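Visitor: Chain by chain, the residues run as shown.
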Amino acid sequence: MMKKILLAMPALVAVVLGGFLFWGLNPDRDPNAIPSALVSEPVPDFELPPVESTQTPGLSAAALRSIGEPVLVNVFASWCVPCRAEHAVLTRLVEQDGVRLMGINYMDKPADAANWLEELGNPYERIGSDSEGRVGIEWGISGVPETFVIDANGIVVYRYVGPIVTPEAQDEIRAALAAAGGQS
Amino acid sequence: MIWLVLGAMASITVLLFLSGLYRTGEVLNRKDGALVILKDQLSEIDTDQERNLISVTEADAARVEIKRRILAAGRLATRESSRASGRSTIFASAIATPLVAFALYSQIGSPQIESQPLASRASETQEAANLSELTQRLKTRLEADESGGPSDGWVLLGQTYMRMARYDDAADAFERVTVRDNADISTLLLYAEALIAAENGIVTPQAESVIERASEMDPDDPGPIFYRARILEQDGVPDEARTLLIERLKRADRAYPWMELFLSVANRLGEQVGESPVTLADFFPDSRDARSPGAADIEAAQDMSVEERSAFVRSMVDRLAARLLDDQDNLEGWLRLAEAYSVLGDFDAAQNAADNARTLAESLPETDPMRAAATARLDRINK
Amino acid sequence: MTPEIGQFALTLALAVAIVQSILPIVGASTGRVLWMESAKTTAVLQVTLVAIAFGALMRSFVVSDFTVRNVVENSHSLKPMIFKVAGTWGSHEGSLVLWTFILVLFGAGVALLGRNIPVGLKARTLSVQAWISVGFLSFMLFTSNPFERVFPPPLDGTDLNPLLQDIGLAMHPPLLYFGYVGFSIVFSFAVAALIEGRVDPAWARWVRPWTLTAWISLTAGIALGSWWAYYELGWGGWWFWDPVENASFMPWLLGTALLHSAIVTEKRDTFKSWTILLAILTFSLSLLGTFIVRSGILTSVHAFAVDPARGVYILGLLGVTIVGSLTLYAWRAPQLGSGGVFRPISREAGLLLNNLLLATATATVLFGTLYPLFVEAVTDEKISVGPPYFNATFIPFMLPLVIIMGIGPFLSWKRADLPGIWQRLRLVFGIAIGVAGIVWYLQTDGPLLAVVSIGIAAWVFVATLREWALRIKLFDLPLSQSLRRARNLPRAAHGMTLAHLGVAMLVLGFVGSTAWKEERVLFAEPGTTVEIAGFEVIFDGVERLRGPNYIAQQGQLRVLKDGREITLLRPERRNYPVAGTSTTESAIRSTLRGDLYVTISEPATEKASGQWNLRILYEPLVNWIWIGATMLVLGGSLSLSDRRLRVGAPSPKSRSSALQPAE
Amino acid sequence: MKSWLYSLVLMLAATTAAWAVEPDELLDDPVLESRARELSKQLRCVVCQNQDIDSSNAGVARTMRTLLRERLIAGETNDEIIAFFVDRYGDFVLFRPRLKPATYLLWFGPAVLFAVGIGVVFVTIRCRSRAVLDGTADPLSPDEEREFEAIFHENEGRRDP
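Chains as they are written, first to last, in the UniProt record's numbering: chain A, 1 to 184; chain B, 1 to 383; chain C, 1 to 663; chain D, 1 to 161.
Keep in mind the hints are simulated off the structure, nothing from the lab. These numbers were taken from a predicted model, which means no experiment stands behind them. Fair warning: there could be bad hints in the mix.
Claimed, not checked - Here are the simulated distance ranges between beta carbons: (1) A:F22 x C:G31: 39 to 47 Å; (2) B:E216 x A:E118: 22 to 30 Å; (3) B:D239 x A:K109: 13 to 21 Å; (4) C:A309 x B:S147: 56 to 64 Å; (5) A:G98 x C:I551: 47 to 55 Å.
The C-beta atom is built at its ideal place from N, Cα and C for all residues, glycine as well.
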């Protein structure tokens, strides 16, 4: 009997392994995605100057904490093509839904960023210029664009990786904002 | 020709299959096969012992073991096997094999497409080079023109750039026309399209303002409406974008060629927001022949199978031909028709279209680069 | 027309494979010789047809026929011819054709060359092999058609990654596939044996050449891949524990275990169900590798484009093949019976330990490769498992394995005399300790483990030589007699000696290039001089060059030793405009003592403009890795040429003398 | 559309032309530098595919290397530095997974497997060696010997052994 169980083990192990692999093929799973260690943590400490030659003020942790209502923090760069794609969506969120949007301009030349904002419009209330990318590390970003939802108490409640373009992505952002507003 | 080759392949397969029926000779059964190996192992022990690699006792023990294995192998039952039975099955499978293959091939193969090694397409490569040279000449000419160059010329230049996927240059060319007072909606839309293409499909504020301008000229023109829907989609409100398209479709008094495009975009958007697809019949139950080649068709063509695609190309060409009967002075149209026919292998029709194009081209002034461009294209078709 | 011929050949091959998957095996159980023998025809037909398809695809690449989608996506008119050819197997679809070609090639090999294999076993084996080829041909035709056409054709293709434009890479996939797909035939033999219900020494003997062939080419493939990484990637590393590398390494480890356990089955009629299990698992790991590379389930540098639909299809294929065969195993293995008896100190026990260590090492790699997936599935958390883990867990199993490798060949079957062996190995042990001591004395830094490992390498090396010397009675008899004995020794014995010596060389290379590597990274301007490992390297500047499809910045470095110029190194930074990418071409001065390895690039910071970023490495003993691997391959080939592997083949009299060399 | 957007998201890696660790990043103190190299081989680049930050040419990896060295200079221990990155990126950045319940199986699995294997081998060997092993086996009985001879010579002449 023992022997039979022993001989059946390989097949059983293979089935279990197959189960995991099948799970891994789930199309909603992105093998490259990295979960954020920041969610449910307070906004990391940082202070960023404004992007040179723009009128928009810079961004800091203190500023984020003192707003008192949920905000979006969007990490973008002028060299990032998908950022252009989501820019219109962000603008619309600001104009129509009254979302408060903060920006972190990541590893960008200030002049390029200023041109970019000039060309596409500037929906951001504040923009911090993270030209060396250090604050990006503080936020644990793995690429641009990334968008965070911060609640009224300055706690990061949600993170979205990649451009917010699809209706589903927008719904997720809206839901996260609503949840953040409800909590405070 | 191709069927001949494929047929030959199939026949050889069948023949090889059948040749098995005439194979003779003894077959090795399990028992004999094993015995040969075991006997060899037995003799190996003798050699090993001779070479003092193993002791006498070890050798003896090993011999006993192998002898026991030989005994066991010798007791193996050998099944009576026959060479005679099962002939008909071999025969049947020989016949079935090519049938299955052809059935499958008819589903996934594309026998109608010739292979086109790059070397045989030298003229095409050459033309691409020519085209870019001609384009450059056209551009220089237009720029040299003190009056700013004819609008038609700039539009042609822009369209050529679009075809060459040089969207920034195309946008520049169209912009020259759009700043003029006589710019029409279609030029504005071309400009917008170039701007959008240059940004990998993103409608920038600049493109948006161009579309706004077109929209002001005629709010009901389907062109601006199409792009406005696109802006809405990009803003993340596909439902509104879809509504905009559907509303315009409802307002139409009869079937138009642009409707296919509207429908396909509306349906794509509908899929996102969970609306069921609509067809032309939902708006005009009695019109069936309102199709026209549009961006949507081309988009749809990407997903088609090869046969579908060539049938599609054919239908598009037929429609173009029909349209040219009403628009006989359209040089570009004739050129495209001639090219299309020659690609499809309908050389007589290609020649006819090319003759029309040549007549039109020759009516242009000698120095007009458009004439040179057209002639170059015609020469290629005639080859 | 060429692509369509290829397309039709594939559909025809599928139809033929379907016949082969049914007729022979039914024939074997009903005693119909015609049906059994039809496998020969169908196996040859399959390989011919897939070869036609492969040739058609290759031709399409060579002539740049852009009516074939695969050519458009993986070639470019400006690409050098050799890489157009290599483009044939550079993509998912093309490599699948190659995969299938090797699969059917092994089938045809058994059909034509396996003349000493009984007809029933052969028929069953070929049917099982055909099940696999039906799976892969249908996978290819239904989800990844290599001959999909585009009309009208675009003017030019979209290139292949320039990083992959290397001759080492061009040869790498064919060899790697040859190895890991080759294990398919071993798998088929195992499943056939389970169906037949009989595993005996004869079975092990019939399978051995095929296991060896697969193992040799997998060894060569992995070595070549590693060499390529070292040579081309410009990091100076040769192994990265990437999931795709692991995917080929696991079948190698288990295949090595199989090679050894099959010897026990052949000689002692024992370890039967274990050998069968290893045969099944080895190929299962090959399939798993194919799955990992093609499903995008794990992130890897080398993976093909991600496509879940393909992933599901392959997973289904995997499920049927692996779970099916293992279930058959669970059911039939108890009937195989257990064989001979042996003592705790015996060659059997030694090989058992060898198998256990290899299997555990395989499990370690498998665990590490798939663990992030497990954790993600269970806890939704993401973790990474990288080189530090593998080094920490894999090496502890490998060192003991190498140690027992020194003793193993001295052990006799059934019961061995340990004191006697110790007597023979005392001196060897002393030498190993001595070597370790010298290394310890000479080295300036580096971990203690490195010293121990060098000692172990010396141990295996000398012990293996000692065993060989004992066999031919070197020094006990006059030299001429010893040489005669050496000639008469079966080639497999020489093969083993050579392969084991190769392992000692491998260890030497691994340790040398990791423990005592030196590195200088600096910004340089013309005239900069660097000292490394006793060399003086002078940077003379950079020249711009034009290649067939790239533009290169070529650095010039003079290398001086003791004030005398010994060589000129020219590393390049290449820019491929069409693909829009850059690669680094290292320049290497290779000697048996070590490699001087230089790469050049433009500095990332603007502060260092006008300067060049030089990376100079000294990799001691690194070439012994490739030498060791070559010895493994040669050892395996020598073993493969052993006369005994062909015993029983009913050869015509005229050819028997050629087949049976002097003995 | 979605697929190209996605691939572009990953293009961050391609934005700088740096090649692994750069000369200007290196520390003058060889002890600290070798610690830095060792640490950066344990940290995974977050935008690349399966690379440590030491050999990665991504911008983020460069920033991470710079931060790592700054912290070394500030006198932080290896554990503190690792913790700094784990706080921001989670366990994902560690190429050497930490020992915790979720990784027990990973770290101890192979050893346990080996132990079980040893157990199985031990049992096998005991079963196999229980039989008499005095160097000789029972010789064949005369009947068996005759049968053997018959089988042995059965195919003689038909095939070359």
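Visitor: Of the hints given before, which are not true for this structure?
Guide: 3
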